[in-house]
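**Q** Protein sequence lines, in the order shown, are assigned to chains A and B.
Just so you know, we're using the working numbering here: the first sequence kicks off at 32 and counts up by one.
Just so you know, we're using the working numbering here: the second sequence kicks off at 34 and counts up by one.
In case anyone wonders, no lab produced these hints; they're calculated from the structure.
The structure presented is a predicted model; accordingly, all values stated were derived computationally and were not measured.
Just so you know, not all the hints are guaranteed correct.
[Claimed, not checked] Here are the simulated distance ranges between beta carbons: (1) B:Asp143 <-> A:Ala139: 48 to 54 Å; (2) A:Ala139 <-> B:Ala99: 50 to 56 Å; (3) A:Gln165 <-> B:Glu432: 21 to 27 Å; (4) B:Glu359 <-> A:Gln165: 52 to 58 Å; (5) A:Asp211 <-> B:Glu483: 32 to 38 Å; (6) A:Arg104 <-> B:Glu432: 26 to 32 Å.
Each residue gets a CB set at the ideal place from its N, CA and C atoms; glycine is no exception.
Here is what each chain is made of, one letter per residue.
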Amino acid sequence: MSALEDLLAHPGVWRGRSTGLPTAVPTRPSGFAQLDRALRGGWPRGQLTELIGAPFGAGETRMLVPVLAACTRERRRVLLVAPPATPWIPGWRQLGVDPERVFVIRAASEDDIIWSCEQILRHPETGVLLAWLQDSRSGAPLRRLRLAAGAGDACAFLYRPPAVAPQPSPAHLRIRWQADGDRLRLEVIKFTGGPIPAGQPVVIPRDVR
Amino acid sequence: MFVEPACGPAPSLSESGRPLWLALYLPHLALDALAQTGSAATKPLILTEDPARPKVHDANRAARQAGVRPGMALADALAVLNAPIVLEHEPEASRRHLLNLAAVLLQFTDHVCPEPRQQRILLEVGRSLRLFRGTGALEARVRDTLRQLGYTPRIGIARTPAAARLLARLRHPDRPLDRDALRRTLAPLPLTVLPLPAADTQALHGIGLERIGDLLRLPRQDLALRYGTRLPEFLGRLLGDLPEPLPRFRPPENPAFHLEFDQEVSATGALRFPLKRLLLQLEQTLRAGNHRTQGLELQLLHRGGKTTRLTLERSQPGSRTEEWLELWSIRLSRLELPAPVRGLRLSVPQLLPAGADSDGLFSSRDGSRDESGFLTRLRARLGDDAVLRFAPTLHPLPEGAQEACSPDTFPALPGGGTTPAQRMAGAALWLRPLQPAPPPGPHEWLGRLEGGWWVGDDQRRDYAVMRDPRGRLCWVFRDLRTGQWQLQGFWG
């Protein structure tokens, strides 16, 4: 009996009835009160976060600007792997992101992208990784990335196309995003270690400052 | 016999800075220089010389055990060996290898004198002894350094170059540091070991001399009368009565290292081992010259004079073999070999002074240092231009307001943040090549940008953000001169 209790007390075991979060994953504040509440503190660190949606440019990078700015203020790096367009650095600078700490990695093949992300996530100076994956493949490369993310404490955001939403994924957090009028609507579809936040989807305003 | 009065322990003469010579003789230079690739090490291998009447220049252990000796006719050697590897000896290549080793040995002394034809290098080590704590330790260091690079030297140490050469060739264990000790070492040796013309040796035998000691006992003037001045002069240099000035070796400006394989290699993985040898040599050479390097060029040599050229740049200069080897392994693992590889050539485009090591206390987390070299690893795999940063410029138009730069260099930012003109275009995040756009539906004005007239490119634009039917937040402007709408990038 006590063995069972020991087992249930294990931080990795989460029981459906309990409402508290068994393991506190370190987070970075997202900059939006509603989102921080839904994510129990903010964007998880040392974990993979998938941002699933299309098309590129709908505001899905802009909603991360508060995290990026906070990260470069801490003198850590922001790395963009295989972005579909060129970052316009004067714009980033106006929003408080230090251009000296923003690195762009150009990689064409899926293998190169995954390998680069692994290298980046294992590096202690990495603050935030943004990677654009064009894949619809299975989760083996993502599991490698999850291990790499666990080796550091960076926020790892993976942009993936909508087609992958039904597939299983080792990511800690999966969010589907969609343009909604002037705003961006977020829907949590997987959240390890806790129930999916119920209620209204989180809405991000267009103009993030 | 005159004996000096003893007054305490006599200080070793050489310790006080008197010249002392270390001779390195590399009898198997050409063979050592060949990269023995894996399985081939156990197969008999012979190097031939003299294409007109081919004979054996050198043979590896397997071939020597079968009875092959240097100087043997090739036909005889082939008769006793079972399917040996036969390669032609290139004296020019051996010369290059010897000069490379001379550059490596500059870490022990500033006076190095290579003698390529005799496959020999002389080092003046008298002044280095204290630094290296005596002859024994110094000799061990020199031997280890060469062993690491794949060479097996014979070493002789004596107070004159001539005697050091002799002891090295004979593998003599004595290390005579003063004149008397040298005489004692040389005396019992047969006359035939001296590098004298055969006629002289014959003549000396003719008057009943057998050993060097017999010769040294004769008065020099008499020898000069009988055999001319060459013999007494040689003896004078041997014992140190006459000086033997030797030129000083100057290392080349751009070191290059060469390695030929005994067999062609067609898998990039097999290049790692020989490359490591070259990198070790590079590291030693850089250390000797107090240099570092930021870039390396590697040539893969194929049959028929074709080469594949690869270059590698790091963000921080360095010389460590392990670091460079890891980077090259990444680069090579992604390479499709166009043809089998016969050899490697590694060269340094530009030497940098070693300088003080600038990594340290204050360098962490300033965004530009690359302590673990991970940006360099990314570049090694993805290409030099695959890792970049963007620096803002003062150009008013968004498409000119930033420039790509490599991760090692980042120009100082123009003061005062973004220029007012740039602010007029808004804080968009993504830039695209300009593209005509249809007049937008509902949109929000950002501001009017006027500029570029001073560079002859007068532009007046009204910027706006709009959500297009696909859901993208488009960053657009209307050219006030033409009325045409253009897509500049994306807002989000």
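**Q** Could you run down the list of hints and mark each one as holding or not?
**A** Against the structure, the hints:
1. B:Asp143 <-> A:Ala139: 48 to 54 Å: About 51 Å separates the Cβ atoms of B:Asp143 and A:Ala139, which means 48 to 54 Å holds.
2. A:Ala139 <-> B:Ala99: 50 to 56 Å: 54 Å, holds
3. A:Gln165 <-> B:Glu432: 21 to 27 Å: 26 Å, holds
4. B:Glu359 <-> A:Gln165: 52 to 58 Å: About 29 Å separates the Cβ atoms of B:Glu359 and A:Gln165, which means 52 to 58 Å is violated.
5. A:Asp211 <-> B:Glu483: 32 to 38 Å: Holds, since A:Asp211 and B:Glu483 (Cβ atoms, about 35 Å apart) stay within the stated range.
6. A:Arg104 <-> B:Glu432: 26 to 32 Å: This hint holds: roughly 28 Å between Cβ atoms.
Consistency note: the structure conflicts with earlier hint 4 alone.
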